[in-house]
Amino acid sequence: MTPADIREEILDILEDIAPDEDLGDLKDEVAFREQLELDSMDFLDIVMELRKRHRVQVPEEDYGELASLQSTVNYLTPLMKDLQKA
Amino acid sequence: MEPMIASSRQNLPDHQRIVITGIGLTAPNGNDWKDFRDSLLNGTSGVSDYEIRYVGETLAGVCDFEVNRYQSRKDARRGTRAGSVGIYSANEAVQHSGLEWENTDKSRVGIYLGVTEHGNVETENEIYELKGFDYDTQFWSHHHNPRTVANNPAGEVALNMGITGPHYTIGAACAAGNAGLIQGSQMLRLDECDIALAGGVSESIHTFGIFASFKSQGALASHDDPAKASRPFDMDRNGIVVAEGGCIYVLERLEDAKRRGANIYGELIGYAMNTDATDFVLPNPERQAECMRLALERAGLAAEQIDIVSTHATGTASGDVQECVALRNVFGGSESTYVNNAKSFIGHTMGAAGALELAGNIAAFEDGVCHPTINVDDLDPECELPGLVLNQPREIGKPKHVLNNSFGMLGINSVVIIERI
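Going down the list, the sequences are from chains A and B. Heads up, the first sequence is in my numbering, so the first residue is 237 and it goes up one at a time. Heads up, the second sequence is in my numbering, so the first residue is -12 and it goes up one at a time.
Incorrect hints may have been included.
[Claimed, not checked] BS3-like, lysine-lysine: derived pairs with alpha carbons at most 25 Å apart:
no.	chain 1	residue 1	chain 2	residue 2
1	B	Lys61	A	Lys288
2	B	Lys61	B	Lys385
3	B	Lys202	B	Lys215
4	A	Lys288	A	Lys321
5	B	Lys93	B	Lys61
6	B	Lys93	B	Lys385
7	B	Lys93	A	Lys263
8	B	Lys202	B	Lys21
9	A	Lys288	B	Lys93
[Stated by the list, open to error] Okay, the calculated bits of chain B under chain A, using three or more residues with CB under 8 Å as the criterion:
no.	stretch
10	52 to 61
11	113 to 126
Read the hints as simulated data drawn from the structure, not as lab findings. Positions of the beta carbon are idealized from the N, C-alpha and C atoms, including for glycine.
Bound-form chain B, shown alone:
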């Protein structure tokens, strides 16, 4: 059976075309879309010194959004950091969308949030506390279960905003931000909701286990200057900077967006997800290339029609090279395609990465600039690609298409393509 989103997407009726009408986010270098974009164009890093239990001094991308702007102190205490990130981002997105929220049918709103992991933070905290009580489980918090159920961040958004449509998270490692977006668009096409709040969130800097595991794997970045630590494609890259963040989009069917005269920030014209099935952690460039090609095919585009590729590269020795192999495979010598990386500014925001990095790039539809990959002082020849935008932003005219890569452990790959409309 042919997939519903066939390659003939130009023929799709407006009620099957999915558009972005609002963007809410918190990144380590900006607490709204404009701030984030400014930081990407000004070369402002969001990475700072950071200390976490057991691991000690390290580096991280830390967000400083105002938690209590949309959430009571009590709910913030009761909930999780991922919940707070989600609540902030979702409220910002709805505000940005211009939706008349009071008059919106909340039973027709769906929440689809990608997460890399959830529950580690709370479990670690509880065990740490329990140690002080000699592991007597009568001191284990009754909040543990509602905080650690996998739907928690999406459920907290629903509680906060009175949304009674479907809510859940999409566990997709570091491909999750794109996966949330894809899920939201599918649910709109299936008429499961009229408005999808879709994207990804991450609280990962609050679990020592993530840092310790990357360290044991030899994949945790270190640098005397925090702003220089995240350096995909550079010869001196030495691993990942873990970051927190969130980015949630308001997605609507084009028909509905037009009817209410909404500002449209882009159309999701193609996407794909596939699986390496080759290794727990090592990426497979062949599958990544297949994923990009499938998204292009569904969008009805040739690779040369992509103006900006937002790469996934995290700053690990092999991962960056593997993605570049895949990019060469798909884009060959395309001279009209520029390539960048937002992790060089903010580190790896895990479940939020795909959604955040996309937001950083679709702003180019309005200002015509491709933000750079910073910290590339000595480009790794194995990462050399024709369109790499390094260290300084580049004016590229009027971009029409952004392709956003997001890949994760266990070989999960996701690609979305957004068109200026």
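Chain A on its own, in the form it takes in the complex:
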């Protein structure tokens, strides 16, 4: 998957876990928490969905890497580059 594919996938996950939010205006560099109503259970949902959909494991010490869309894509790129886009 390319970084663009990964970005799309994260947005797809966010649509599921934050269905009331308008993701059209989401700024890639700004922290999710500053733009969306997300709490720790929601971040665990992101982690769980990555695990379920792609078998990607995000260890607890790396949760901070999921702060913004940009940082999430940067973090996941090496982990997901060999995966095929669904």
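Given the coordinates of chain A, work out where chain B should sit on it, guided by the hints.
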């Protein structure tokens, strides 16, 4: 020691008298009190074809309330169906009550919701999902625990409405709707809260286990015409139609209700709960009769003073007969008492049943009509009672008292009596 609610209830001061000032509900045939009542008077069933995992095609009472009227899509996803049912019903109840919610002290609101069971739906879903991951528990949802804790439906109502008083559920099998109401009134009398949101909720149609277990027990209804499947007292009854639903009352002390000029839909003048202690599933008419008599005694009423008995009967072969034995024992040949059954319209809404069926009947205080038991084409002689209202509603003048039965597994019995005020 004499119980606090003695039989001399007429002497109770207004701050010990508990009244209903709001009703919010969702039933398989109506999403507010008026709609539900109209359906009961028009003979509209809420039972439909239904399919659920593993069991396949069956029948159920399914609610179609607007989930997102009071709940965000995110919270609905995160929570449970019972939570959504509770949130809808509680918000509707508060709106119906005319309470100035913005100015209500939320620390003085208590939430008391009866449930037959809770957690089966989520546990089944998670295990189903987990199977796809070869039972590797790292794929088990972190939402499982908050969804399955027993207080979940009441807790979701609290979160949604910003209520900081006490909240919990009352696990009371299918006697739970009445039990919620009873608990709410007790907490008002003890001054634990000023407003009680009390009643019952059910999400039971979303667990295959309930259907499968009734089926294995030979107690799951089937019929070519879904609307005909739930038929208490009829010779051709063949079991229970499982249903979902919710009914939550705003309860207040009479003193407070009067002070704010609230509409009062009835007073809870008597109640009782007791236990068969005889069998896991089979009812005991002797204990049921004792429960009704105790409620009557506490209300200071003779059986003949009850205008409408809202029966629990679920459409099983023996259960209906047993309740009729108990009713004959208590009401004998009372010619002034009419008897009906709401499950014939909506199926068995489990934890909500007691509360919902009561709501369907206290509307008679306003319109003077006793709704019928439908689907009685061939009355079982063993279920014959003098006041049975069958298939068509009946004008009964100005009813004053409704007695509502609600019984459940493990021999739990509950009865409430509501008086027009």
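Consistency of the hints with the structure:
no.: 1; hint: B:Lys61 to A:Lys288; result: 20 Å, holds
no.: 2; hint: B:Lys61 to B:Lys385; result: 46 Å, violated
no.: 3; hint: B:Lys202 to B:Lys215; result: 18 Å, holds
no.: 4; hint: A:Lys288 to A:Lys321; result: 15 Å, holds
no.: 5; hint: B:Lys93 to B:Lys61; result: 24 Å, holds
no.: 6; hint: B:Lys93 to B:Lys385; result: 37 Å, violated
no.: 7; hint: B:Lys93 to A:Lys263; result: 37 Å, violated
no.: 8; hint: B:Lys202 to B:Lys21; result: 34 Å, violated
no.: 9; hint: A:Lys288 to B:Lys93; result: 40 Å, violated
no.: 10; hint: 52 to 61; result: holds (count 3)
no.: 11; hint: 113 to 126; result: holds (count 3)
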